[in-house]
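Following the hints, complete the assembly by docking chain H onto the known chain U.
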Amino acid sequence: MRYEAPETIEGAVKLLAGGGPRGRVLAGGTDLLVQLRAGMIAPELVVDIKRIDETREIREEGGRLVIGAAVTGAELGEHAAAKAMWPGVVESAELIGSTQIQGRASLAGNLCNASPAADTVPALVAAAAQCRIAGPGGVRRLPVEEVCTGPGQLSLDDGEFVVAFEFPERRPRSADAYLRFIPRTEMDIAVVGAGVNLSFDDSGRCAAARVALGAVAPTVILVEAAGRALVGTECDDAALQNMAAAASAACRPIDDKRGTVEYRTKVAGVLATRAAKIAAQRAKGAR
Amino acid sequence: MAATSNGKANGATRWIGTRPVRPDGVDKVTGRARFGADVHLPNMLVGKVLRSPHAHARIRSIDASAALALPGVKTVTTRDDFNDLSSEFVPAGEMLVNYRDVVRNVMAREKALFEGHPVAAVAAVSEKVAREALALIDVDYEVLPHVLDVVDAMAPDAPLLHEDMITAGVEPTPTKPSNIAKVVEFKLGDVAEGFAEADIVIEREFSTQPVHQGYIEPHSCIANYSEDGQAELWCTTQGHFVVRGHCAKLLGMDVSKLRVTASEIGGGFGGKTVVYLEPVALMLSRKSGQPVKMTMSREEVFRASGPAAGTRVWVKIGMTNDGRITAGEAVLKYQAGAFQGSPVQPGCMCAFAPYDLNHVKVVGYDVLVNRPKVAAYRAPGAPQSEFAVESVVDELAKRIGMDPVELRLKNAAKQGTKAAYGPTFGPVGLVETLEEAKAHEHYRAPLKEGQGRGVASGFWFNIGGETCATLNLGEDGTIALVAGTPDIGGSRASLCLQAAETLGVDVERIRPLIGDTSTLGYTFLTGGSRTAFASGMAVVEAGKDMIRQLCERAAKVWDIPVDAVEWADGEARPAGSNAGEFDPLSLADLARLAGKTGGPFVGRAQINAQGAGPSFGTHIVDVDVDRETGRVTIERYTVIQDAGTAVHPSYVEGQLQGGAVQGIGWALNEEYIYDDKGRLQNPGFLDYRIPVCSDVPMIDTVIVEVPNPTHPYGVRGVGETPIVPPMAAIANAVEDALGMRFMDLPMSPPRVLKALEDARIAEAA
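So the protein lines, in turn, are chains U and H. Just so we're aligned, residue 1 is where the first sequence starts under the working numbering, counting upward by one. Just so we're aligned, residue 1001 is where the second sequence starts under the working numbering, counting upward by one.
Be a bit skeptical, because a hint or two may be false.
Here are some, though not all, of the chain U residues that point toward chain H, as calculated from beta-carbon distances under 8 Å [said to hold, decoys possible]:
| hint | residue |
| --- | --- |
| 1 | P183 |
| 2 | E186 |
| 3 | I189 |
| 4 | A238 |
To be clear, the hints were calculated from the coordinates, so they are not data collected in a lab. By construction, the Cβ of each residue, glycine as well, lies at the ideal position given by its N, Cα and C atoms.
Here chain U stands alone, though its shape is the one from the complex (with noise of 0.2 Å):
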């Protein structure tokens, strides 16, 4: 196996396209390292995007937040602004593993490794993050709900890879909120996520909804109904009632040693409800 850390996104396209067998990008390392030592992979290349810049950022472009592919949870749950601006997005990097853990998971490692039940991309998905994706062909964006097309699967082509996530311009009144279900209290895997990303008008009213959900599917979805329940109203019970139903109806789950097509479906609607609380509750208290 070989090893490389180039230090340019460049330099990471031209080995990732390099017309030998395709390579594994690593960033924190925390699916593909334990992917490797199962010998469930065994590629012939890996290559380490944690040295270019550009993954290890976090940064404001004009009023909206950029966060490097590389960053890791512990540094997002350290990052005042990124807290502010998108606190569910930031609590659903912080709740992945063990605090030795979150010194090394990255976004994009947790949306890359294609799980249906990684924390980060329903709340990412929620926030209508979009994904800046470098390739041979140059710079291009790609909103996260289509990088996933699989269990394991992305869209992503050769010599392509994450470079960092860009996050819309924030409006005041608005907040997201991502849950998790999993039957311990951490160091597990969603049994069901919700992630609910809100905006109010002036008259308190829902202007904007976004509700996405993590193991109901074999990749995160997008509710649009689920949203559309919420828009309009002031996210009053018989509001959330409706945004509860259509998250379950969207399911389509499996049954597996994790959890029951039924239990996900149910649960599916009650995390949603908390979260879009939580999320409500947070943008009348923000800015």
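Just chain H now, kept in the frame of chain U:
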């Protein structure tokens, strides 16, 4: 926190009841302690096991020629290297093992009986080569139908694990084989008469899932077999003398030719009382002529080492309207795994042990299924049967509106109670734990909306057994204490305290060591909560032996009769008419003079410890149930238990807390998930959910001390009883919160939510 937190168990002792830093503590926190996988030898090979991918399959042939041809592979072993052994039962922990089965469990013979059953092993120069070699071994399997649950396994048309197994313990002897290895029955009085006296009779059926001991350190050993037929073995085990016996039997060796050293141990809980890798490593070393090290992965630990039995338990209890229990009856069906020997017998014996009853009948079935052979796990067999009984007792209390602690007090076993399994109890502390529970602030604290509180009691026998100990007095008056029972719960600290108390010397002057099998006489393993009791007794005897020698030597120095010398506060003093005639001789003085007065001092004891006092406990737990997700949260937990005498209260508390936490996992989340081919789907801590720290509150403890009269300091074993009450206590608390009784474990979120949803649907209809 504890009744004995201020240093002394009572005014009469100086060291018993104090809390010195454990002698093994510094090495453990600095990483210097050597666990099973920490020994390395020159020319060491790595051994790896090939395991059956099938839950049940006949092994037609095994071809290892391609593996042997791989460069770096030194040898391969299969069933062909192990002699078949005839049926012979020997003790291992609190359970019996049959050598005919042990040899088949460490290496499959006619059939693979569970997924993960070893079918071959290789020794190679590296782990990588060993793994490659495993892939080159060609095993021809005839896959057979499998069975995982006791009910299915007991069906007349069930696939048979052992085609020649005839159920023992039934008259007349069955003519057809089955998966039922054994039926046992315990009777006291006449249950029909007892139920006739009852105003209320409740019968219920319960099920529990197999649960793993969950020790953090996986099984590991290193074997070094020499050309002259002798061997050394280092391994992580609860009993190296037992390992020596098993391995010598399987390898056809004299026990004197096999020296076994127990490493530091990273948890056992009963699961390290049997052998898995050890005989295989010895065989690989014998065949290769090189040392061989073998370490299981976590996945192998789950697939191939012993869980506690999954069970089905039916319980029927009768009671009068004023709360007197008139009869108890139960039928227990326990999974044994692939070979006979589930702990159904202790399960039967413990089921009604907390109660003073006239009429009891318990029948137990030992049932084979295509799962790993069960191993001892903390009070083996008792948590499952007592979960069922303590749940029904709680329901009876609710039925007549009596406080559940009062109901237990009214029926509690006490000194003089004849237990259904035979003996009459001596002094026991159940009533004392119940009185403590009733008086505890926790029991009266207000509950928040939606929360529930449960209580349950539990019992475990505790055992004694064959035990040796030696005290070697150094020339400066310090002492090396050698015991033969591996320390799995702070026992070295406890043994040093008992030696210090006996000799009257500072505990810091005593340094403990777990001796290897050549340094001491046969010593049974650490299990049955016997170590603080039995090794403690041996240490006290060894101390008395040394005191006798010290007094003799002082008498010689002073030239007075030995009966005119007394030992007090760590020194020999002239007594009687000679009192005050000579300056006392301290331990250090006598040690210094040893060479001039007759030679070194060694105190020895070899005993068969009898009279282990049983231990009772009572637990109180508060839970909160999330009605929308089914999650049960443990809000508050108090363990109250009789320790006889708490030698080192911190480690007694640790045992009580650890047992409760393992019980919480058993109650709420732990289970094995199999696919339809009998393959385990969750062989790791990610999806086999033992509790993490943040899942549990600080577990409060109250130590009750009803001294055990047969131990010099009143010690009872404490390690096992605390895992008995949690499942029922939590189920009773959930019932209190929801008005809904769970009889099937675990009470995992999907199961609780489904019950809540079903109840909502039923209510709506």
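query = Any hints this thing doesn't respect? Which numbers, in order?
reply = Hint 4 alone not satisfied by this model.
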